[in-house]
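Engineer: If you want the building blocks of each chain, they are given just below.
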Amino acid sequence: MKQTARQIADLTGGQLNGDPEIVLESIASLKNAGPRDLTYAEAKFRSEAERSTAGCVISTSAIAGHTSIVVKNPKLAFTQAAAALIAQAHDEPAIHPTAVIGAACSIGANTRIGAGCVIGKDVTMGADCVLYPRVVIYDGVTIGNRVIIHAGAVIGADGFGYVKDGERYVQFPQVGRVVIEDDVEIGANTTVDRGSLETTIIRRGVKIDNLVQVAHNVEIGEHTVIAAQTGISGSSKIGAHSIIGGQVGIGESANLDAHTILGGQAGVLNNKHVRGGEVLWGTPARPLKEFLEQQAHLARLPRWMDELKRKLGFRGNTDS
Amino acid sequence: MKQTARQIADLTGGQLNGDPEIVLESIASLKNAGPRDLTYAEAKFRSEAERSTAGCVISTSAIAGHTSIVVKNPKLAFTQAAAALIAQAHDEPAIHPTAVIGAACSIGANTRIGAGCVIGKDVTMGADCVLYPRVVIYDGVTIGNRVIIHAGAVIGADGFGYVKDGERYVQFPQVGRVVIEDDVEIGANTTVDRGSLETTIIRRGVKIDNLVQVAHNVEIGEHTVIAAQTGISGSSKIGAHSIIGGQVGIGESANLDAHTILGGQAGVLNNKHVRGGEVLWGTPARPLKEFLEQQAHLARLPRWMDELKRKLGFRGNTDS
Amino acid sequence: MKQTARQIADLTGGQLNGDPEIVLESIASLKNAGPRDLTYAEAKFRSEAERSTAGCVISTSAIAGHTSIVVKNPKLAFTQAAAALIAQAHDEPAIHPTAVIGAACSIGANTRIGAGCVIGKDVTMGADCVLYPRVVIYDGVTIGNRVIIHAGAVIGADGFGYVKDGERYVQFPQVGRVVIEDDVEIGANTTVDRGSLETTIIRRGVKIDNLVQVAHNVEIGEHTVIAAQTGISGSSKIGAHSIIGGQVGIGESANLDAHTILGGQAGVLNNKHVRGGEVLWGTPARPLKEFLEQQAHLARLPRWMDELKRKLGFRGNTDS
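The listed protein sequences derive, respectively, from chains A, B and C. For the first sequence, position 4 (counting from the first letter as 1) is numbered 4 according to the numbering used here, and the numbering increases by one without interruption. For the second sequence, position 244 (counting from the first letter as 1) is numbered 244 according to the numbering used here, and the numbering increases by one without interruption. For the third sequence, position 261 (counting from the first letter as 1) is numbered 261 according to the numbering used here, and the numbering increases by one without interruption.
Check the hints yourself; a few may be wrong.
Simulated crosslink set (DSS-like; lysine-lysine; CA at most 30 Å straight-line) [claimed, not checked]:
(1) C:164 x A:272
(2) C:164 x C:272
(3) C:311 x A:44
(4) B:289 x A:237
Coverage of chain B stretches by chain A, computed from C-beta distances (three or more under 8 Å per stretch; other residues unrestricted) [what the hints assert, rightly or not]:
(5) 44-52
(6) 149-155
(7) 178-191
(8) 225-235
Please keep in mind that the hints were generated in silico from the structure rather than gathered at the bench. Virtual Cβ for every residue (Gly too), placed ideally from N, Cα, C.
Build the full structure now, drawing on both the sequences and the hints.
Structural biologist: This is the structure we're talking about:
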């Protein structure tokens with residue numbers, strides 16, 4: 001939907017400089033934006049902004065030779081304006097005819113369900129959700145409002161819990177539920193297992209990237225973000241406002257306080273309690289500063305060992 | 001299906017205390033169980049069991065004030081009883097009308113195939129299997145009895161094998177098969193590739209979690225369990241009764257003896273032979289004790305280096 | 001399609017020894033090949049080749065007692081011959097009736113689209129592509145010729161980019177495109193995100209294994225191979241002819257020169273520039289030689305610390 005510069009200034013609460021009637025039709029990066037595009041520039045890219053051919057630039061100060069909108073946080077204002085500019089009218093039906101919807105489901109207003117989605121029985125879904133094609137929701141899952149689930153995600157499969165019976169493994173009952181609160185986003189081919197006897201809970205505002213595994217009985221606190229290919233083992237609790245890097249592994253029944261930050265590929269041990277918003281890295285995960293210090297010393301170790309050998313006759317890997 | 005306490009005692013071979021006619025309708029955790037629920041309590045949760053409102057408790061001794069069933073392994077007995085209590089009558093057809101079944105397939109009695117599954121040609125599947133929605137089985141795959149495959153899993157895709165032709169890669173033929181034996185369970189969005197010229201084999205009783213990668217020509221021995229996001233490279237052999245943690249990587253043509261245990265995120269090198277049921281961790285994977293000892297010494301290294309510097313004038317990362 | 005030994009010799013440019021009229025119907029490994037099978041043997045497997053029952057062996061020299069074809073690179077010649085021998089006539093329609101194709105798509109000649117695939121709007125696809133069942137292509141994706149995409153892959157989902165608005169995360173616009181060039185192969189359940197404002201590009205000849213994550217704005221150079229479960233974060237550039245092991249993690253805006261080799265589970269930091277075709281391993285990734293040297297010294301560290309304690313009275317983990 002086309003917007004004038006004035007409309008965008010109003011929408012973002014920014015101060016307009018230049019032509020208020022210029023019409024913008026789309027968005028683009030600073031590098032690629034043309035006369036019909038809105039773009040944005042952080043303060044440090046001011047000279048690039050001046051040289052750009054964008055129709056309008058959102059920045060922290062007026063951009064010479066351009067229609068611009070001055071705000072405190074250009075990236076956020078651009079994001080808000082983009083939502084209006086690229087809003088699409090949908091011509092297809094809200095629920096694609098190839099989707100399979102089970103008995104006793106409740107689906108809220110304006111919720112869109114893509115081609116090939118399979119929704120089990122007794123599923124409750126709020127308003128304004130988007131399920132991209134081929135999402136599978138198992139029986140009994142509860143989903144809030146404005147939830148976005150990307151293609152291929154599987155919500156509510158059985159947890160991975162077994163009891164040994166002699167040499168065989170027998171599946172422990174996996175009959176719990178999944179609750180996904182408002183404004184959650186779930187990436188493509190991500191899997192969220194149902195609880196075994198309890199409930200797997202993803203609190204409001206959580207953002208989960210592609211190919212993430214969320215096991216049974218896990219609880220993820222609100223406004224936490226989890227990057228691709230991370231795995232969270234059964235019964236772990238991730239505190240609110242945490243930031244979990246990609247390919248992180250979190251052991252069973254771990255407990256991360258709110259505001260925890262985990263670097264990519266970090267590994268948190270089973271039953272570990274990560275306190276008070278620490279920044280951790282490595283496997284086993286340890287405070288970032290400690291990890292970096294250890295790595296730096298490890299890098300120097302070969303030379304120190306050489307020095308010990310030369311000066312003091314140490315023999316290292318021989319028995320002594 | 002409702003069961004009386006007496007029926008559950010009979011089914012589990014346990015000793016009944018209290019009211020044999022009490023009717024149980026479902027299962028729940030010790031914390032949540034109500035008067036119509038069966039639950040279980042390990043010995044250490046005896047006092048919680050006494051305070052619970054469960055209709056019947058399976059435990060290692062009688063629970064005061066409750067109808068209880070005494071067995072040696074409460075969790076196993078509960079699992080067995082739960083299977084009877086939560087058994088569901090299916091009202092849908094065994095093969096969902098949206099499933100696509102290729103030519104010349106053989107599908108055993110009581111096997112259920114969910115919505116949107118795609119089964120290739122010449123696929124043989126035994127009895128009492130469950131394929132959840134959107135499973136894909138490529139041509140020529142053989143599946144035993146009582147196999148459960150969760151949504152989105154892909155069985156029999158081409159292996160990842162190429163030959164260099166100048167600067168280009170040409171696919172080496174991937175025309176082998178996949179054999180999945182009885183009682184195997186495969187998690188959501190897991191991938192099991194066909195053999196190149198040989199066969200990828202998953203032996204009976206193997207349990208595989210979500211998002212696991214099993215490459216071409218791999219053989220997984222019976223009753224082995226593999227946690228989420230683990231990857232097993234081409235032509236590796238995993239011995240029977242092994243336990244493979246989450247996010248483990250196993251290199252090409254590795255060979256793990258039976259009863260191997262690998263900690264989460266461990267990495268086994270190409271061609272490595274892991275002998276005699278070792279417990280390994282780290283990358284490259286090494287015996288657990290060794291890994292932990294190295295990590296402990298690494299944590300102390302900064303202080304030791306400081307001591308070497310102060311007492312002996314070592315210079316560490318400078319050339320000497 | 002049956003071939004005579006003579007036809008295969010012609011096709012591979014090899015020198016024929018033995019019976020030119022022998023008819024071959026299929027391919028098999030050296031161990032399993034029978035009288036109707038073509039196989040190949042590297043020079044070191046010459047005696048196995050002599051004992052085999054294969055109808056014809058491709059090798060580096062004539063195989064006594066067998067019809068054989070002599071070439072310089074037996075594996076490559078076998079791969080080329082196999083393509084002719086196992087070529088299949090397709091009896092199904094090129095686009096499966098259960099596939100969903102959006103408006104304004106262009107699909108080239110001989111491109112096959114499997115059951116349950118969902119193709120969005122404005123998708124361009126070249127000739128001779130194969131999409132296995134249940135692939136999802138989002139709107140606006142461009143795909144070249146001879147591209148193969150395995151089941152469950154998702155191409156063009158939104159990138160994982162957010163802007164903080166107070167305590168909430170708001171999605172940064174994800175309106176860029178995906179371009180996949182000729183001869184690319186993409187594994188089962190792999191995900192390739194669209195660009196945010198730019199384009200995610202996979203150059204010609206790239207081969208990507210299963211369960212790989214390719215984030216927004218990534219560019220992968222031609223003829224690079226990427227093993228299973230690797231994750232490439234936003235805006236990273238992977239140079240041409242690189243070899244990326246399994247479960248590798250590449251941070252945001254990393255830049256790998258052409259001919260880079262990364263060992264399995266390696267982790268490349270955000271913004272890291274890997275120069276000139278290095279071989280790296282570990283997290284953070286470092287030159288292979290350095291990594292191995294550090295690991296070797298780490299393994300000896302416990303004994304050296306013991307020696308320091310005994311000979312010099314060092315106290316290690318106490319304060320000093």
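Engineer: If a hint holds in the structure, say so; if it doesn't, say that too.
Structural biologist: Okay, the hints, checked on the actual structure:
1. C:164 x A:272: Holds, at roughly 29 Å.
2. C:164 x C:272: OK: residue 164 (chain C) and residue 272 (chain C) at ~25 Å, within 30 Å.
3. C:311 x A:44: 57 Å, violated
4. B:289 x A:237: Roughly 28 Å between the alpha carbons, so the hint for residue 289 (chain B) and residue 237 (chain A) holds.
5. 44-52: Violated - the region 44-52 of chain B has 0 residues with a Cβ nearer than 8 Å to chain A, which falls short of three.
6. 149-155: holds (count 3)
7. 178-191: holds (count 5)
8. 225-235: It holds, with 4 qualifying residues against the three required.
Going down the numbered hints, you'll see the structure goes against 3 and 5, while the others check out.
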